[in-house]
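Residue numbers (my numbering), protein chains in the order written: chain A, 1 to 355; chain B, 1 to 239.
Because the hints were derived from the structure by calculation, they are not lab data. Check each hint, because a few of them may be wrong.
Derived DSSO-like pairs (lysine-lysine); straight-line CA-CA distance at most 30 Å [unchecked claim]:
| no. | chain 1 | residue 1 | chain 2 | residue 2 |
| --- | --- | --- | --- | --- |
| 1 | B | Lys39 | B | Lys49 |
| 2 | A | Lys330 | B | Lys186 |
| 3 | B | Lys198 | A | Lys330 |
What the simulated footprint calls covered on chain B by chain A, stretch by stretch (three residues with Cβ under 8 Å from a Cβ of chain A suffice, anywhere in the stretch; the number is not a length) [claimed, not checked]:
| no. | segment |
| --- | --- |
| 4 | 48-56 |
| 5 | 60-67 |
Since the structure is predicted, the reported quantities are computational estimates derived from the model, not experimental observations. Glycine included, each C-beta is placed from N, C-alpha and C at the ideal position.
Here is what each chain is made of, one letter per residue.
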Amino acid sequence: MKSLSFYIHNLYQNQQWLDFILYLGLGLILTLSLMSVVALVLVYAERKIAAHFQCRLGPMRVGWHGTLQTVADALKLLLKEDLIPKAADRFLFALAPFLTVMAALLSLSVLPFSLSATLSNMNIGLLFLSAISGYGVLGILIGGWASNNKWSLLGAMRAGAQLISYELSMTLSLLSIVVLSGSLNLNEIIASQAQGWWIWRAHLVGFISFVIYIISSTAETNRTPFDMAEGESELTAGFHTEYSGMRFAFFFLSEYVNLFIVSAIGSILFLGGWMPLHIGEWESFNALMDFVPGPIWFLLKTGALIFLSMWFRWTFPRLRVDQLMRFEWKFLLPLGLINLFLSSIIALGGFYFFP
Amino acid sequence: MNQESNMSANSKTDQSASALAQVPIENAKRWPDLNYFNKIIYGASSLAKGMKITFGYLINTKTVVTQQYPENRETLILADRVRANLIMKHNENGYHDCTSCHICEGVCPNASIHVVDRSEPTVSKKELGYFVWRLDSCTFCNLCVMACPFSCLEMTGQFESSTYDQSLLVYNLNQYSGATQNNLAKLADDQARTSAIKAISPYEGPVALEGYHLAGIPKEFLPQKSDAKTSQAREGVNP
Ligand code: SF4
Ligand code: SF4
Chain A
1 MKSLSFYIHN LYQNQQWLDF ILYLGLGLIL TLSLMSVVAL VLVYAERKIA AHFQCRLGPM
61 RVGWHGTLQT VADALKLLLK EDLIPKAADR FLFALAPFLT VMAALLSLSV LPFSLSATLS
121 NMNIGLLFLS AISGYGVLGI LIGGWASNNK WSLLGAMRAG AQLISYELSM TLSLLSIVVL
181 SGSLNLNEII ASQAQGWWIW RAHLVGFISF VIYIISSTAE TNRTPFDMAE GESELTAGFH
241 TEYSGMRFAF FFLSEYVNLF IVSAIGSILF LGGWMPLHIG EWESFNALMD FVPGPIWFLL
301 KTGALIFLSM WFRWTFPRLR VDQLMRFEWK FLLPLGLINL FLSSIIALGG FYFFP
Chain B
1 MNQESNMSAN SKTDQSASAL AQVPIENAKR WPDLNYFNKI IYGASSLAKG MKITFGYLIN
61 TKTVVTQQYP ENRETLILAD RVRANLIMKH NENGYHDCTS CHICEGVCPN ASIHVVDRSE
121 PTVSKKELGY FVWRLDSCTF CNLCVMACPF SCLEMTGQFE SSTYDQSLLV YNLNQYSGAT
181 QNNLAKLADD QARTSAIKAI SPYEGPVALE GYHLAGIPKE FLPQKSDAKT SQAREGVNP
């Protein structure tokens, strides 16, 4: 007892610790609220955009033009009965959704929303992000395994296979930007784009990496045309077939937060993150662009990429599993390798535009 | 065997087949015989084409086909092909064409139609008494409409047919018991026509489950002659 009070007293004396705990708590609350807001907004946006792509109206009843629909859905999911199949592995079954949400939470914490609004400005931010995105599939794998259902297991295995494959070309495309900007710190990568965004500054190389990144990130988030893990037409609902209520909501939430995260990474690496749009010598135009705050730029660019992803989802036909693998190993990966080679040449020779 | 039946089906639908032949069919585009790189370009361009189309749908709100049903109840637009309710056509004077030939009754796969001849025909040898239709077991296959040699029946889009009582879904489609409009036209005047037919209500006659009583039919639709026991039962269920 004595030692405990002593410990607390020590903590109190040592203000750094208190600050750290306060910072941690505040960061956690902020990230969690950001996560739920992002998921709510994105689910609504997806439903509306999907509807209009398909000549429908989408949610119209709850709130003005259905704006409160996702809130109502979230409430419904919270109140629903939470079933666990009899033959499921109870512990792993309960653990899986939290793992996926945790992965989303961890990735959100390193995203730089502006120069100052970064929860954790890591010097290996990009490495951390790619590591965490690999860890996110663990939740899917465990969930599929623990459900004790062949559809779930098949979906989970597909998700694993897909992630292992597409992680490669995604990392290659990220690497070429790392080579060009010479840093793994997200803020420094953004700062290196002050003269122009990597998507066009590095000749064709930046654009090709961007295309590779968009394709592989769509696969990474398990969205149509690469939704092998869910595969509604053949696997019922894939890895989350047996999930319901709150746990299903967690999977759903992390799916949309992951969409936000991959689009955010795309906008940071290729579109300059919070960096305003500058065009060459147009001083007044540049000044006007500077007037818009960084987070707005960041969210705008991220939003554009999210829209692109939704556009893909509601336009493209799905791939078969073997086509998916062939596309990755026979097309994307060689292209990524060549692209990395070219980007090294460009970085070494300094052949950028706007040097 | 299969082929044969297909062929006979073809010969039956000759008319529609020739109509189809008049539609110009663009040469079906197959996956062209291309090398690796051209295949990539071809695939990418076709994806871009698809994206262009969906983007057109997105920005052009006129393409939305959704109708918000309860709100737009007055302005609801339904396609002609909607099959939601069977009616018997009656002309402007309220006369139908049904000769009580029972073909529709025989053709119905669900026995949803029960045609009852009029017990005492006045004009022709055989007259329609009650045309009982069971909405609750009808699958809206349209066979009865197509089979009727006199085109008496019609499918309409009137889909608001829910009730609180299943027995209300069994009713007469004809508005009177009596002869067809052609046979009635041979009569001298309107008065003769009116006396030759007998107006009936939708829930009159051997309606509910083909004569068996079902509770819950509103009193005003009840047939006049009913024994005390059943009418008591009706009152008990439907105040
Ligand atoms: S539509 Fe089909 S099921 Fe309905 S009454 Fe006519 S024949 Fe019978
Ligand atoms: S509706 Fe047509 S097919 Fe049916 S009994 Fe009358 S005339 Fe015959």
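Evaluated hints:
Note on lysine 39(B) and lysine 49(B): the hinted pairing holds, with a Cα-Cα distance of about 15 Å set against a maximum of 30 Å. A threshold of 30 Å between alpha carbons decides the hint, and for lysine 330(A) with lysine 186(B) the separation of about 83 Å lies outside it, so the pair is violated. For a cut-off of 30 Å, the pair hint linking lysine 198(B) to lysine 330(A) is broken: about 81 Å separates their Cα positions. Check on the segment 48-56 of chain B: 5 of its residues sit with their Cβ under 8 Å from a Cβ of chain A, so the three-residue criterion for coverage holds.
Only residues whose beta carbon comes within less than 8 Å of a beta carbon in chain A count, and the segment 60-67 of chain B has 5; three or more means the coverage holds.
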